[in-house]
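*Asks:* Chains as they are written, first to last, in numbering that gives the first Met the number 0: chain A, 0 to 205; chain B, 0 to 370; chain C, 0 to 414; chain D, 0 to 664.
Be a bit skeptical, because a hint or two may be false.
For each label pair, taking beta carbons as the anchor points, the in silico distance ranges come out as [unchecked claim]:
| id | chain 1 | residue 1 | chain 2 | residue 2 | range |
| --- | --- | --- | --- | --- | --- |
| 1 | C | Q92 | D | E440 | 19 to 25 Å |
| 2 | B | G280 | C | I111 | 45 to 51 Å |
| 3 | B | I325 | C | G387 | 21 to 27 Å |
| 4 | B | F154 | A | G173 | 33 to 39 Å |
| 5 | A | T123 | D | H591 | 55 to 61 Å |
| 6 | B | I325 | C | G388 | 22 to 28 Å |
| 7 | C | V118 | A | G173 | 54 to 60 Å |
| 8 | B | G280 | D | D80 | 34 to 40 Å |
| 9 | B | G280 | C | T294 | 36 to 42 Å |
| 10 | C | T273 | B | D268 | 29 to 35 Å |
Straight-line alpha carbon distances no greater than 35 Å define the calculated DSBU-like cross-link-like pairs of lysine-lysine that follow [to be verified]:
| id | chain 1 | residue 1 | chain 2 | residue 2 |
| --- | --- | --- | --- | --- |
| 11 | D | K436 | D | K364 |
| 12 | B | K193 | A | K170 |
| 13 | A | K28 | D | K49 |
| 14 | B | K270 | C | K178 |
| 15 | A | K170 | D | K542 |
| 16 | C | K257 | B | K314 |
| 17 | C | K269 | B | K313 |
| 18 | B | K194 | A | K94 |
| 19 | D | K364 | C | K86 |
| 20 | D | K82 | C | K339 |
| 21 | C | K178 | B | K345 |
| 22 | D | K82 | D | K582 |
| 23 | A | K94 | A | K167 |
| 24 | C | K57 | C | K178 |
| 25 | A | K167 | B | K194 |
| 26 | D | K82 | C | K96 |
| 27 | C | K389 | C | K250 |
| 28 | B | K194 | A | K170 |
Worth flagging that the hints you see were computed from the coordinates, not collected in a lab.
Think of the CB as a built atom: it goes at the ideal place given N, C-alpha and C, for glycine as much as any other residue.
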Amino acid sequence: MWFTLDNLATAHDTHEGAAHSSTGLSNVKLGMWLFLGTECLLFGGLISTYMLYRGRVGTGPRPSQVFDIPFTSVSSFVLLMSSLTMVLAVSAAHKRDDRSTNLWLVITALLGTTFVGGQVYEFTAFYNEGMGFSTSLFSSSFFVLTGFHGVHVTVGIIMLLALRGMLKNNKVPGSRSETVEMIGLYWHFVDIVWIIIFTLIYLIPA
Amino acid sequence: MFTPGSKYLIAITGLSAVSFALYMLLVHPSALGAVALIGLVAATSLITGVALFTRDGHTPEGQTSAATVDTPTPSMWPLIAAAGLSLVLVGTVTTPIVFILGIVAILAALVEWTVQAWSESASGDRSYNEGIRERILNPVEYPILAAVGIAVIIFSFSRVMLAISKDAGAIIFIVAAAVISLVGLLISVRPQLKKSIVSAIAVVAAIGLVGAGIASMGFGMREDLVVAAEEDHYSHQECGAEKSDHFDKGVSETISATSGADATIELLDGKLTAQVQGIEGLQDSITVRRSNPSNIIFRNKDAGEFRLKAYLGKKQIADGVSEDLITCTQLISEGAEQWLTLTINKPSVSGEPYTLSIPGLEGQSIVVVVP
Amino acid sequence: MNHIESTSDAVPQVHMLGRVMRRLKPMVLGAAGTVFLASCASNAPQDTWVPKGPNAQKIDSLQKPVFAVAGIIGVIVAVVVTYSVIKFRDRGQPIPKQSHGNPALEITLTIIPALILAVVGVFTFRTVFDLNKTSDTQMIINVTGQQWWWEYDYPANNEYGITQPIITSGQLVIPVGTKVMLRQTSRDVIHSYWIPALNGKRDAVPGRITINRLEADEPGIYAGQCTEFCGLSHANMRMEAVALSKEDFAKWVSNQLKTYAAPAENTLAKEGETVFLNQCTRCHQVNGLTRADGTPVIAAPDENVWSGAAPNLSHLMSRNTFAGAMFNLVTPECRTDVWKSESLTFGAKYLAGVDEPCLNQTDLRGWLRNAPAMKPMYANPALLAATGGKYRGMPNLGLSESDIEKLVAYLLTLK
Amino acid sequence: MAIIERPVSLEVQPLIVVAPATPSSAMGAVKRPVVTKGWRQWVFTVDHKKLGLMYMATAMFFFLVGGIEAVLIRLQLALPDGKILNADLYNQMFTMHATTMVFLFVMPMAAGFANYFIPLQIGARDVAFPRINAFGFWALLFGGLFINLSWFLGGAADGGWFMYAPNSGPIFSPSHGVDFWTFGLQIAGIASLTGAINLIVTVLNMRAPGMKLMRMPIFTWMILVVQFLLAFAVPVITVALFLLSFQRNFGATFFDVAAGADPLLWQHLFWIFGHPEVYILILPSFGIISEVLPVFSRKPLFGYPFVVFSGAAIGFVGWGVWAHHMFASGLGPVSVAVFSISTMAIAVPTGVKIVNWTLTLWGGKLWFTTAMKFSIGLIVLFTIGGLSGVTHAVAPSDTQQTDTYYIVAHFHYVLFGGAVLGLFSGFYYWWPKMFGKMLNEKLGTWNFWFMVVGMNLTFGPMHILGLQGQPRRMYQWTENRAGEGFFNLGFWNLIASIGSLVLVVGVFLFLVNIYITARNGKVAPLDPWGARSLEWMTSNPPKEHNFDSIPTVHHLDEFFHRKYAEDANGQMQQVATAEQVLKQLEDNADAHIHMPSPSYWPIILAFGLPVTCLGLIYSIPLAIFGGLIILMGTFGWALEPSTAPDSDFDPPSSGDTSKDVVHVG
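Just chain A, with the same shape it has in the complex (with noise of 0.2 Å):
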């Protein structure tokens, strides 16, 4: 988990003396790429873990019992949109747009607290319905997926305001502009695997 956060310390801790590289594409750049190739197969085996277990109810409520689909809809658009002003942030920084760099961070941050806070009052409701962590193999799995979800992207929001903080002090070593790529990189893939899982888990009735 705590690697999405190193990230931040890789995005500039290229190798100074290769000022070449065979690929084309830079060492940050490449190694996030394979990061994030490892965190599909992460994601893939607790989505495989889930569709397993979904229908395992035990005594608890079931999926349809407890899902809100409208809220969950609701904040899925909110996640949504951050990626839009996460590609704002990352264009402003290419265009060494600092105060619109540091604006649409922040902003980009905001939103995906939100859907963090909603994710946490979904699972509080949820466990005040009966759905404890433990009650069923759904409910373990379906915490787990989610949880696991949650973590990343509060790990991105701290790299955002981590990052904001850093651009305002000037202690971004290396480049600006490709280190708010990188962050960039992580949180589109943080919303994708969020559309992947509200559709599989949400919408698909099980």
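Start from chain A and add chains B, C and D according to the hints.
*Replies:* Okay, now just chains B, C and D, sitting in the frame of chain A:
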């Protein structure tokens, strides 16, 4: 190697670590004490490390003290330490949360204050001193501040959401997101906007959110959630033919993986049949091993909603009083299936067999044999 | 159409492979084989190369050619490497031409093993489906694994005179020449059922039913062992499959269905029954046993043992083993007598059961005295927090020597 | 340590008005750890060569630990009803033996070789992310120590290295051993993941000019395949381990059958990781011997592209064979047949490799150094392991053989006869490169023969044991099931145990060899073996910055082609010595070489991981504390520039020079 100051701090760190260990081992480890003590260990070890590495209080021979200009900078940490102390006092008589907040504030002040004091004596160059301070503390401050900020926002927001009704929740949610985006848009298209105005908006919004969160906490959760929590809907099943308000709240669904099931019970044309893993053909009885969780699947192929009810004998609850052991699936509609795990601890006796049946459908049952 | 074609294709292949094998057999078995086989134990009870039933036979006739082919290839590689090592060692010859290979040769040497494997693959494919066929099953037995013993229950089956379910453990008894299907599962962890002479192994997975098929050609005892690591006493979880002729099997069934005969009053065995009622029936069921007031005794292993069951001891003395087949219930001499008997006399000897002279008193008494000392089990009363106070195996009951004496006398009556 | 070429004029600071801060007193340890002496140069290093050596030393240590466990296992099984270990301890022993050898010996050893030689082989000065590299090593070390910590805290894991659920659940394995195992593997997994990303980026992005993919040394190729396998296999086991820890520590029921769970989920997740893992273990050694055989045969690897593509093919097909570990678990005939066929299919590319190695020898001019002996030993012994593998790719026979000693024999021939012999070949081949001294060849020959004889004595009889029905993982075997005759199972068990002692002597001889070499070994010439690839185009041991100037690559086997050329008759003739080749590089040395500076943060960050995990097992506040260390490490890292600013260096006049200034050119 060790300066007098660092020796003293090493001793304090060691003592706090020992007390933490003793506390965890001997006293019943509660979150409160453990957090306080582990926080103390963390803070003192950090300060000790700084003292050791900066060689504070030790002037190497042949070098003059670096600091020549001594101008104390204004600091907020004394104030925070004092506030923390009062929180601790309040906390001891009220709730542990306040106590912990106080402890955290005191420890934070302790660390920040010490490091600041040290860094200021490092040289006469103030920006250089600030650089040293940042190098030590920025890695700690950045993530903690970000995490605390996020946590406060998320927590307040989720409390608000819990307090209002479901529909209003979704609306509030989208309104909040829209407002955030619009404000962002507004600021970005108006570059001449004053920084103070932007800050003011942010502060007002933050205070408003936290205020609303606290208010919602006081208000509590919305009614249906409170009711749901109190009634604990899902802990008792209602196995009749009728729909239960809570147990059968949703629509039915299918099971994603059926490979592990021992038997599949099917309702087709008003007839109940069993298909048993490994045995060809339809059965009217299944053999379930004693004390062994056996997974069966109930599949409804008839029009209408039915549930499968398992009667698993009687349980002695007092002398002469016994109650039926019953478990069941929910009401599922045509084409749906549901999983049921049976664990039967006592062998079936002839004359009073265990059965699987459909409430509201007479004359159809599957005998469960437990050897 | 395809189907017909593929079968007709496969037939010559069988012949071809068979022919090749027949020609190679003397060579392979003659050279490496003799050395290898001569260096093997004779009569190892779990030998995988000595099939005694059609299922194991199918596996055997598939694997022996594969072993032969693998052996030949191994020898070829070893010879070529040895030859190169001797031939091309540095004798001061000039540095060889820096050739980067020979694609034609390379492709040839890729295709040859691929073809060999394709042929093996075809036969594997057929055997896999052949072994998994269940439609011709003649008898079903439910097998349940538990730490660290196996329980067998025979569902009612009029064809074999099983009017009521039979429960036994330690030794699986099957009729000869009958296609028996084991429906396996487990009460706790994954176990694996394996009688090498009759078939390959098949896991018993909790929450699932797995199918295993056995058929024995001739009467006898076939040894086996749990092969999926199942915890502390995995090494001691053994089993034996006893194949009886159909007539003998009928006799065995009728003996298992015999009603309980209480020991005569004022005998040691009767006192043993009392001890049994007080101590053993907490977990062990003996069908038909009643309390003094005439109510039937239903053991409650689910309240005392984590996995929920304990061996049913009705007709204990009709078995040759106890404690998950870790120990023999008979003395070594009597055991050898049964194991080594001709297939004609085997049935009678086995059905005679265990009587006092043959009883393995040492192990049985040791077991009653302190079971956990004889077989590692989680049976320390102080360490049962994780399981809510339930044991995972038989605890030390702290029986007095006289109680043990009585119990042994009683157990001997459970024929 | 950090080699930074700076104009000398900058080192004398211009006058400073306020009293100057002397970094040594004001910054203390807060400055970058730029010392070149003592333990600090190792603990805070980011140099791929130092990290490679530390990986190897760590792996060697765990090899000895795993070896002791193995010997205890064999002593227990030497005689029937062994009494040396009790059942509980035996179960811990075989679990930890496998875990140690797989995760803490072979993988880190391969990682060590990869770390040391990949940048050298592709003509780079370091890996792509040096600090992540350092972090990976520390995480591995702490993870390994963390797992072994359980020996002293109530017993190690006892569920087998495959840790099948539900036997690994809280009920069936009540000690904390499995918790330590799960968390320790998570930590080691993080190390593998970071290492994989790092090395892939390094190989793909940092090759010397002219080094196309098909000109890369075969070792680099195999490591590249391995890192891809790791990058995609580790996340799967991460999921499985998370599920297991959630079940053990937080009340989830992922493998609890009474809640309706399916225990086979664990098996699928584990083997989707576990089978690629097998290739992760063996491919580095394939790479090593594919370097060694051509060098000592004096001719290029036969069919280089075939070896490359077969390696890649193994990497791909390796994902489609996992269920052959589960043939006995009742998958159903269709899955069994399909996985049986795919398993046979993977034997083909493996066979291609054996063919190519053999044909590399064919027509060569063979020089039997110890490295060469180990490589030839690998060809023969691995072939035996590979062929016994084919016999149980045949699913029906596998149902007879799986979980018996036949399987133990099979994978020890693959992993000892394959992976370990390859690694030893690598030691003898590259020792002069790493340490500038030659390992004693005579002792090396003894080492080789003891190991080969020992391994055949130990694992050879296991074929017979398994085929005659002795299952694995039994803490005792009984004479009742051992058969009759002189050559019964008891005899072979005894032989196997004696063989393990012969093996011990072999490994001991290697340690003696290291000791003797370190004391007064022969100083290695620049090119002791007449090698062919780039790592030999620099001094022994290599300089901090590897190459004075980055060579431009024109051929596969670039170094060889710089030394030799065909004359008019088509005969290879030496045209330059190694010294001349090196001189040429030195003459064209780069003027500015910037190397990344050492850092505290990798080790701090890595240290946070075991603290957090210990906290998750014993007390949540400790976990929070560990989490804070991790956060602090990450942010300290992120805020730190890759190359230290000047103020972090002591003035050179202070005597304790913390900074090398390399004047090149």
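*Asks:* Work down the list of hints and note, for each, if the structure agrees.
*Replies:* We went through each hint and held it up to the structure:
1. C/Q92 - D/E440: 19 to 25 Å: holds (22 Å)
2. B/G280 - C/I111: 45 to 51 Å: Taking Cβ atoms as reference, B/G280 and C/I111 lie about 48 Å apart, which means the hint holds.
3. B/I325 - C/G387: 21 to 27 Å: Given range 21 to 27 Å: holds, Cβ gap about 24 Å.
4. B/F154 - A/G173: 33 to 39 Å: holds (35 Å)
5. A/T123 - D/H591: 55 to 61 Å: holds (58 Å)
6. B/I325 - C/G388: 22 to 28 Å: holds (27 Å)
7. C/V118 - A/G173: 54 to 60 Å: holds (59 Å)
8. B/G280 - D/D80: 34 to 40 Å: violated (49 Å)
9. B/G280 - C/T294: 36 to 42 Å: holds (39 Å)
10. C/T273 - B/D268: 29 to 35 Å: violated (56 Å)
11. D/K436 - D/K364: holds (25 Å)
12. B/K193 - A/K170: holds (25 Å)
13. A/K28 - D/K49: Within the cut-off at roughly 26 Å; holds.
14. B/K270 - C/K178: Since the Cα atoms of B/K270 and C/K178 sit roughly 32 Å apart, the hinted pair holds (cutoff 35 Å).
15. A/K170 - D/K542: It holds: about 32 Å lies between the C-alpha atoms, which stays within 35 Å.
16. C/K257 - B/K314: holds (30 Å)
17. C/K269 - B/K313: At roughly 32 Å apart (the allowed maximum being 35 Å), B/K313 and C/K269 satisfy the hint.
18. B/K194 - A/K94: Holds - the C-alpha atoms of A/K94 and B/K194 are around 21 Å apart, at most 35 Å.
19. D/K364 - C/K86: holds (9 Å)
20. D/K82 - C/K339: holds (31 Å)
21. C/K178 - B/K345: holds (31 Å)
22. D/K82 - D/K582: Judged against 35 Å, a Cα distance of about 64 Å means the pair is violated.
23. A/K94 - A/K167: Cα-Cα ~17 Å, so holds.
24. C/K57 - C/K178: holds (14 Å)
25. A/K167 - B/K194: holds (14 Å)
26. D/K82 - C/K96: Roughly 60 Å between the alpha carbons, so the hint for D/K82 and C/K96 is violated.
27. C/K389 - C/K250: violated (38 Å)
28. B/K194 - A/K170: holds (21 Å)
Comparing the model with each numbered hint stated earlier shows that hints 8, 10, 22, 26, 27 do not hold.
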